[in-house]
Amino acid sequence: MIEFSCVTKHYGDITAVDSVSFSVEDGQVCVLIGPSGCGKTTTLKMVNRMLDASSGEISINGRNVSELAAEQLRRGIGYVIQSVGLLPHMNVRDNIAIVQRLKRVDRRQRYRRADDLLELIGLDPEQYRLKHPHELSGGEAQRIGVARALAADPPILLMDEPFGAVDPLNREVLQTEFLRLQRALKKTVLFVTHDLDEAIRLGDTIILMKDGQIVQHDSPERILAAPRNQFVRDFVGADRALKRLSCFPVEGYIREAQQIADQDAASFSNGGRGPDSVVWVYGADRALVGMLQRSPSGYKVITLKPEEVGVVPLSSMKEALSRLLGQGIRAVPVLDQRNCVVGEIRLPDIEELNQAAL
Amino acid sequence: MKRLIVPPLLFGLAFVVLLNAELLEPLLRTLFPNVREILYARIPLIDLFREHVMLVLVSSVTATVTGVSLGVIVTRPPGRDFLTVVQGLSSFAQTFPPVAVLALAVPAVGFGFRPTIIALVAYSVLPILNNTIAGMEAIPRELTEASRGIGMTPLQVLFLSELPLSARVIAAGIRTSVIINVGTATIGAVVGAGGLGVVIVAGLVRDNIAFVFSGAAAAAVLALAFDWLFGRLETLFFAPRARVSR
Ligand SMILES: Nc1ncnc2c1ncn2[C@@H]1O[C@H](COP(=O)(O)OP(=O)(O)OP(=O)(O)O)[C@@H](O)[C@H]1O
Ligand SMILES: [Mg+2]
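As given, the protein sequences belong to chains S and V, one line each in that order.
Using the working numbering, you'd call the opening residue of the first sequence number 1 and step up by one each time.
Using the working numbering, you'd call the opening residue of the second sequence number 1 and step up by one each time.
Same shape as in the complex, but just chain S (with noise of 0.2 Å):
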């Protein structure tokens, strides 16, 4: 448990954080968010001692972390910035290792970790273990960060805007991963993110800040149902109803889906299925390939893109929403890692969803 009581820093006269007191619980994701230079950033600082506190006290599980050696301390908290920070000399093993390195744990040991770590991140070793950071994509770059942030298994997480820098779609990924991870490891983790919808979809709570101080620490729906003041209540945007779909992993609302093989979609003929529901065809390894559509002439094979139109089942409901918007289709598809479709998600139970809010 990582725990802020009053905790006030200052550089000069400016009061960056001002009298901090807040808790994140084991195991669970405290997201950090407000307008730039709020004091995001010091507040997280604070904890690995980047930054010491001016006044107030900052424990894990009970213990003042300025009683700790800073280098110890910071050993055992998993720490991921926005730039990343990758040593660029090193290849991506020596990068994740290098945790353990300072903890003398022997190199075969902390190969084998990284490998681990690589295949737990959804790369492939023997294809990333050598490479320089230089060779990686941000969206990759950024996951090794991660992995090597994970290395020592430290059983707390910072993270300052780790997936600022990626472009949306990708942050989606990043984010259906952590998520991925998180239930995995349950890790503390402290987040920062500009990011509202990030904020909803990973956060447990949400600490909304503003010049150096606590407006309102809730959980997401909370903040969204019941905005404590007009600055919350701004910063939320008018949008809240939609903002809440990102509270909710689709996994809840996941309906039986039709299917059938592309071999057979030639011959197929409407077997008295409703007319909201939607077919679709799958190829040799199931993997989704498109999906069935009625024309003047019968039935017609419409060709789609899995990465396209799917979710995956750690997707939010606003993922949902967006991907059936953006392809005009009656429901989206949910797959898993072979791109198999496993259901569906439906407009009836994101509009419902969406009525329970107001």
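It should be emphasised that the hints constitute simulated quantities derived from the structure, not laboratory data.
Hints should not be assumed to be uniformly reliable.
Taking beta-carbon pairs under 10 Å as the criterion, some of the chain S residues facing chain V (in silico) [as the list claims (entries may be wrong)]:
#1 M50
#2 G85
#3 I98
#4 V99
#5 K103
#6 S137
#7 G145
#8 Q182
Yeah, the Cβ is synthetic: ideal placement off N, Cα and C, and Gly gets one too.
Let chain S serve as the given structure and place chain V with the ligands on it in line with the hints.
Leaving out everything else, chain V with the ligands in the frame of chain S:
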């Protein structure tokens, strides 16, 4: 491949000539038909060459250690106040002619090897110092910040991040200063430090242009050899990294 074979062959040839200076006689005779004593015979050329290499190595190693340490110190937070002072001092040292440094050093440390080393170090520390500072300053803040953030001690940040990242630039500084030293070391002859300067000085004193020529040529070949060696070392050590920094 050609770059790997031809230069060592040429330098090998030059070395053979150094060991058997009389091989040069026909060449020098055609170049300088009017000179009577064509070969410097008092001391074998190879001995002078060895002394010269010693002067260069000792002064370059000293200048490297001094320059890199100073550069590292003045780029640490506590040393930062001295940054401009140190840079100013070393620039001043380089504007000061080595001969003048010799003149000042001899009364203090006597004749021979030592005053020459002082003059060479004073003269050649600047490129190393400047490049060390430039290399350190060019490292993005986020990188040192990230290194600290994952739990490196200040020394680990220096040895695992900063020095490897600026090694290329520092190496370029060392290369420059070694080449400078090969040329400048010839003045060591004036205060009895030996080296190839001995032949040149003898030539100047006795108005023997063949001596001057053979001393200068030997020093030039040595400079070229060092330069080639550094080039090889750089491609050897930094080739994978050349791709890194693009
Ligand atoms: N090293 C510093 N010296 C002086 N003032 C600083 C320093 N670092 C931050 N500040 C100030 O402290 C305040 C909080 O900065 P901080 O970096 O924590 O903001 P932030 O919420 O992370 O902003 P952003 O969203 O832009 O990253 C700002 O007003 C900033 O100008
Ligand atoms: Mg910030």
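Going down the list of hints, with the structure as the test:
no., hint, in the structure
1, M50, "holds (6 Å)"
2, G85, "holds (2 Å)"
3, I98, "holds (6 Å)"
4, V99, "holds (5 Å)"
5, K103, "holds (8 Å)"
6, S137, "violated (15 Å)"
7, G145, "holds (8 Å)"
8, Q182, "violated (20 Å)"
Checked against the numbered hints given earlier, the structure breaks hints 6 and 8 and satisfies all the rest.
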